[in-house]
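Student: Here's the letter readout for the chains.
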Amino acid sequence: MDADLQQMLALPAYGLYLLIILAGGIMAVGSASLVRALLGLILTLFGVAGMYLLMAAPFLAFMQILIYVGAVSVLIFFAIMLTKGPDGEAGGEEPPKVGGRLVLAGLTGLVPAAILAGAVARFAPQAVPLKPETSLFKLGEFLAGPYVLAFELISVVLFAAMAGAVLLGFERRKGK
Amino acid sequence: MTALLANPLVQLVIALLALLGFVGLNGLVLVWMERKVVGFIQRRPGPFEVGPHGLLQPLADALKLIGKQLVTPRGADRPLFWLAPILSVMPVPLCFLPIPFSPLLTGMELNVGVVLILAFSGLNVLALCLAGWGSNNKYSLLGAARAVSQSVAYEIPLLLTVLCIAFQSGSLNLNVIAGHQSGILHWNLWVQPLAFVMFFIAATAETNRAPFDLPEAESELTAGHHTEYSGMGFGLFMLAEYMYMIIICGMAAVLFMGGWDGPVAPGWWWMVIKIYAMLAAMMWFRWTFPRVRFDQLLNVCWKWLIPLGLANLLATALIMKLVG
Amino acid sequence: MATLGQTIKSLWSMVVGMKVTGIEFFKPKLTVHYPRKEVDNLGTYRGHCDLVAREDDPLTPKCIMCGICVDNCPSGCLSLTMHVVGEGKPRPAGGAGELMLAQEVILPGSIKKAPPTGKAERVLDSFRLNYNYCSLCGLCVQNCPVSSLAWSREAYLVGRSRQEFEFDLLARLRAKAASSQGVKAA
Amino acid sequence: MALEANYGMVGDFYTQNFTTTHTGDGDTLILNLGPQHPSTHGVLRVVVELDGEYVKKAEPVLGYIHRMHEKMGEVKTYLQYLPNMGRVDYLHALGWNWAYVGAVEKLMGIEVPERAEFIRVITCELNRISSHLLWWGAYLLDLGAFTPILYAFADRERIMDILQMVTGSRLTYCYYRFGGVSADIGEKFISDLRAFLAQFKARIPMFHELVTGNMILRGRCVDIGVLPVEMCRRYGATGPVLRGSGVAYDVRRFEPYSVYDQLDFDVPVGKAGDAMDRYDVRVAEMVQSVRIIEQALDKLPEGPFLNPDLPDRFIPEPGEVYYSVEGARGKIGVYIVSDGSPKPYRLKLRSPSFSNLSLFAELSQGTLLGDAISIMGSLDLVIPEIDR
Numbered sequence: 001m002d003a004d005l006q007q008m009l010a011l012p013a014y015g016l017y018l019l020i021i022l023a024g025g026i027m028a029v030g031s032a033s034l035v036r037a038l039l040g041l042i043l044t045l046f047g048v049a050g051m052y053l054l055m056a057a058p059f060l061a062f063m064q065i066l067i068y069v070g071a072v073s074v075l076i077f078f079a080i081m082l083t084k085g086p087d088g089e090a091g092g093e094e095p096p097k098v099g100g101r102l103v104l105a106g107l108t109g110l111v112p113a114a115i116l117a118g119a120v121a122r123f124a125p126q127a128v129p130l131k132p133e134t135s136l137f138k139l140g141e142f143l144a145g146p147y148v149l150a151f152e153l154i155s156v157v158l159f160a161a162m163a164g165a166v167l168l169g170f171e172r173r174k175g176k
Numbered sequence: 001m002t003a004l005l006a007n008p009l010v011q012l013v014i015a016l017l018a019l020l021g022f023v024g025l026n027g028l029v030l031v032w033m034e035r036k037v038v039g040f041i042q043r044r045p046g047p048f049e050v051g052p053h054g055l056l057q058p059l060a061d062a063l064k065l066i067g068k069q070l071v072t073p074r075g076a077d078r079p080l081f082w083l084a085p086i087l088s089v090m091p092v093p094l095c096f097l098p099i100p101f102s103p104l105l106t107g108m109e110l111n112v113g114v115v116l117i118l119a120f121s122g123l124n125v126l127a128l129c130l131a132g133w134g135s136n137n138k139y140s141l142l143g144a145a146r147a148v149s150q151s152v153a154y155e156i157p158l159l160l161t162v163l164c165i166a167f168q169s170g171s172l173n174l175n176v177i178a179g180h181q182s183g184i185l186h187w188n189l190w191v192q193p194l195a196f197v198m199f200f201i202a203a204t205a206e207t208n209r210a211p212f213d214l215p216e217a218e219s220e221l222t223a224g225h226h227t228e229y230s231g232m233g234f235g236l237f238m239l240a241e242y243m244y245m246i247i248i249c250g251m252a253a254v255l256f257m258g259g260w261d262g263p264v265a266p267g268w269w270w271m272v273i274k275i276y277a278m279l280a281a282m283m284w285f286r287w288t289f290p291r292v293r294f295d296q297l298l299n300v301c302w303k304w305l306i307p308l309g310l311a312n313l314l315a316t317a318l319i320m321k322l323v324g
Numbered sequence: 001m002a003t004l005g006q007t008i009k010s011l012w013s014m015v016v017g018m019k020v021t022g023i024e025f026f027k028p029k030l031t032v033h034y035p036r037k038e039v040d041n042l043g044t045y046r047g048h049c050d051l052v053a054r055e056d057d058p059l060t061p062k063c064i065m066c067g068i069c070v071d072n073c074p075s076g077c078l079s080l081t082m083h084v085v086g087e088g089k090p091r092p093a094g095g096a097g098e099l100m101l102a103q104e105v106i107l108p109g110s111i112k113k114a115p116p117t118g119k120a121e122r123v124l125d126s127f128r129l130n131y132n133y134c135s136l137c138g139l140c141v142q143n144c145p146v147s148s149l150a151w152s153r154e155a156y157l158v159g160r161s162r163q164e165f166e167f168d169l170l171a172r173l174r175a176k177a178a179s180s181q182g183v184k185a186a
Numbered sequence: 001m002a003l004e005a006n007y008g009m010v011g012d013f014y015t016q017n018f019t020t021t022h023t024g025d026g027d028t029l030i031l032n033l034g035p036q037h038p039s040t041h042g043v044l045r046v047v048v049e050l051d052g053e054y055v056k057k058a059e060p061v062l063g064y065i066h067r068m069h070e071k072m073g074e075v076k077t078y079l080q081y082l083p084n085m086g087r088v089d090y091l092h093a094l095g096w097n098w099a100y101v102g103a104v105e106k107l108m109g110i111e112v113p114e115r116a117e118f119i120r121v122i123t124c125e126l127n128r129i130s131s132h133l134l135w136w137g138a139y140l141l142d143l144g145a146f147t148p149i150l151y152a153f154a155d156r157e158r159i160m161d162i163l164q165m166v167t168g169s170r171l172t173y174c175y176y177r178f179g180g181v182s183a184d185i186g187e188k189f190i191s192d193l194r195a196f197l198a199q200f201k202a203r204i205p206m207f208h209e210l211v212t213g214n215m216i217l218r219g220r221c222v223d224i225g226v227l228p229v230e231m232c233r234r235y236g237a238t239g240p241v242l243r244g245s246g247v248a249y250d251v252r253r254f255e256p257y258s259v260y261d262q263l264d265f266d267v268p269v270g271k272a273g274d275a276m277d278r279y280d281v282r283v284a285e286m287v288q289s290v291r292i293i294e295q296a297l298d299k300l301p302e303g304p305f306l307n308p309d310l311p312d313r314f315i316p317e318p319g320e321v322y323y324s325v326e327g328a329r330g331k332i333g334v335y336i337v338s339d340g341s342p343k344p345y346r347l348k349l350r351s352p353s354f355s356n357l358s359l360f361a362e363l364s365q366g367t368l369l370g371d372a373i374s375i376m377g378s379l380d381l382v383i384p385e386i387d388r
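Chains as they are written, first to last, in this note's numbering: chain A, 1 to 176; chain B, 1 to 324; chain C, 1 to 186; chain D, 1 to 388.
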């Protein structure tokens, strides 16, 4: 693909993904049903996957979809089905308290955005040309080389989370 | 004109359109084929009245389904309820893109084609969840819960077996993987028979086909997640099921059977023959075996397939290290 | 090791099962394609009852209007009317019409014996069968003292309304006789 | 959008008065299996309380096809009631035919010619095979195997063709009469029957190959729904359900009626009393029925098929009578009280499916939903027989 066309398409694609991410975010925060909120989250994850594509990292993009959309959010879905809202029905959320939710949501959204925007404005990075796709071998070498500690740490965190979940599950069963 | 055709974007659009046609046509053929296979196994002729040997029966069925009223159950979450069937078919053409029918007949050659297929076919389970949740029906909800545990569990052995092949070929590009196996003796099937068997079992479970059709287990959950769907809502689910069968069989053909390679005259027809042979085997399973119970289904996965898959992966890695 | 052997054995059971369906796949089909082909055992099918004509007169049934069939019918779907020649006015035979009032019909002795010959003769006016209620038990046919009833072999009865299944067997008999005579004449 | 608890629908008596086993935060799901459900085989409804996939409590709700068969007996004459018998258990109609006819014969002291007795044995056992075949197919259908039922139907179709020759109908037979049967069996019947038996004996190994040894089926049946003898006694279970638990009780053997004492046959029993044992017992019973029919065909005497000295009207003396036969599902009993009028004063039908269904509530407790379906199938319920 010639560079001009790439340039021409990149901007609308960026806009589209941004829109998807924002729409997903608003949906996640704004809907009263947990399942719909989850749908918003999934939409956001899709948008992020698109951003990865834009950065010429299709492997990451598909992994994002495979792991986060295909597995993690499905598990969240499972969790929603197992829990109950205040009305005794699964999947409901606490009714909004005098618009406080909107304010809180706005704050959590805007504060990091403001910080990030400030940082970007201050240390504006030079626009770099899009690099060709990083090969998987490179990726693997990095993970097994310089970043091996971080990589292992992440797996330890995941293991701890899993063990905790199992523990909680058993506690609950015993309590019955 | 040639310049325009050379443009990858144009190629992509053409590929997508062609795939849509392929999807529709194959859906109809598969429905007909399944009914004929079950008929013959049960010593009946199967569909016979519409068209010669019932060939037009799926078309008539599709027309009927389209013509039916779409009913939304009371208390259903309407948008989610109708999003689900659409979501289940939407990724299908995307999943077909990286499958090479021949070196030239490839929708889009991707370095990470395998991952793309696995990622987007995983969306189907989301559709089942939404269907189960949105229907406001207890049977559907149980079906959705089953679909989730089943698909999350069986994705692991599926990935493990795919990883074995990726180790061997050193690539996630389906064209490259297929290219490595020219000549029937070089098929991965002979090198990795265990992986092939596990892949096929996991694929059957991932596509919710009998004997692993727990999410719709009609004798327990009436129709599971699509209990409440009428007309084309149900039609789309069914279409998606058949489409995922083709995709997964196409993947198996490329990963284990050399794709377009064949004993004589290699070409896309070999790919079609292999896919349909595996589909026939899947139908044969379905119409022979009883359904497993839900805990047995998960036991097979966690106690057999995953350990075996891990062992197989380890062995593959070791051998690759020693040999390569 | 034993478990491994067990596992292989159970996996083999799947192959055996598939072999069975695989063989059946190639066996000839058992279905009878209805409109093109019909089943060949309708000769033993017992449909609703039908009147049997006298040997000497194809237009008159053997019926002696005793009412046993009416008495025995579990669903009360038979009714017959007749008149006595000589008196000239029609009257219902043995509990006909209100057969369901079983008391009147069923009491011993309510069965009308054949009239003594020579005097007034009974003539059958109609012999109605409400096939909607018939359970095809065959009690009417088997209890007929003069074998005036037989089973029809009609398995392919279709209709659009209930009324189409309220047969007058006498009319049926006559129509059949007429048509067969017509065939003979032609 | 929060889902409301119910949408103005209050449910019927059974849902309103269903007491859950789980007290507290209501963690369980109450599910109505039926009245329209693929595996209740008719209009049976079971209210099930589920904890995840586990059945906490199951409560069968009866009466959806209650047709007042017993009351109908009181308003019809003895003969008129006969066709009803084919409709109680439509799968083993001749068993019910026999129980009722036998009761009336006992009440009135009617003699049955020997040939008629043999004809009854032959046709009743043939009907038993067809009933077991249908159960076999339907049970596997419950377990998710679609093909066996069509193989079973191929054989069942031949049985129905053979029975049609003498009974004239294919399902709800009304063939036995007080003092005999309504039609004699002819040469064609016997030759066709012999051909069928030879062919059927060759088919049974095929059935075994297809599913009996299958690991999935064994996984679904072995150790599922283990039924202790003590529980069978409490609920009054009979037939293959009881024999599956190891009690060799068969009316044909322990209270021999008709000519069963002249025939040599085994009473197959199970050991553990699980669903697999009930399965094995039924399949073995089909083989035994074949044996019985072959012996009966060999011993078939000449003579009348209906007692020639029957009274014009069937009006018994005042008295009461109980007659039981072995049906495909268990002990079929008919109890008649006569007051000397042409109609029974009181008529009571003992249907085996009713007792067998009563087991289900206790048996399915704590099992997985899939197992509960397997257990229900293994009890071989015919819903019209339960409700009568």
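Note that these hints are calculated values from the structure, not bench results.
C-beta: ideal position from N, C-alpha, C; glycine also.
Errors might be hidden in some of the hints.
Stated by the list, open to error - Rough simulated footprint, nothing fancy, chain C against chain D, three-plus residues with beta-carbon under 8 Å:
no.	region
1	71-80
2	145-158
3	172-184
4	206-212
Student: Of the hints stated earlier, which fail here?
Tutor: Violated hints: none at all, because every hint is consistent with the structure.
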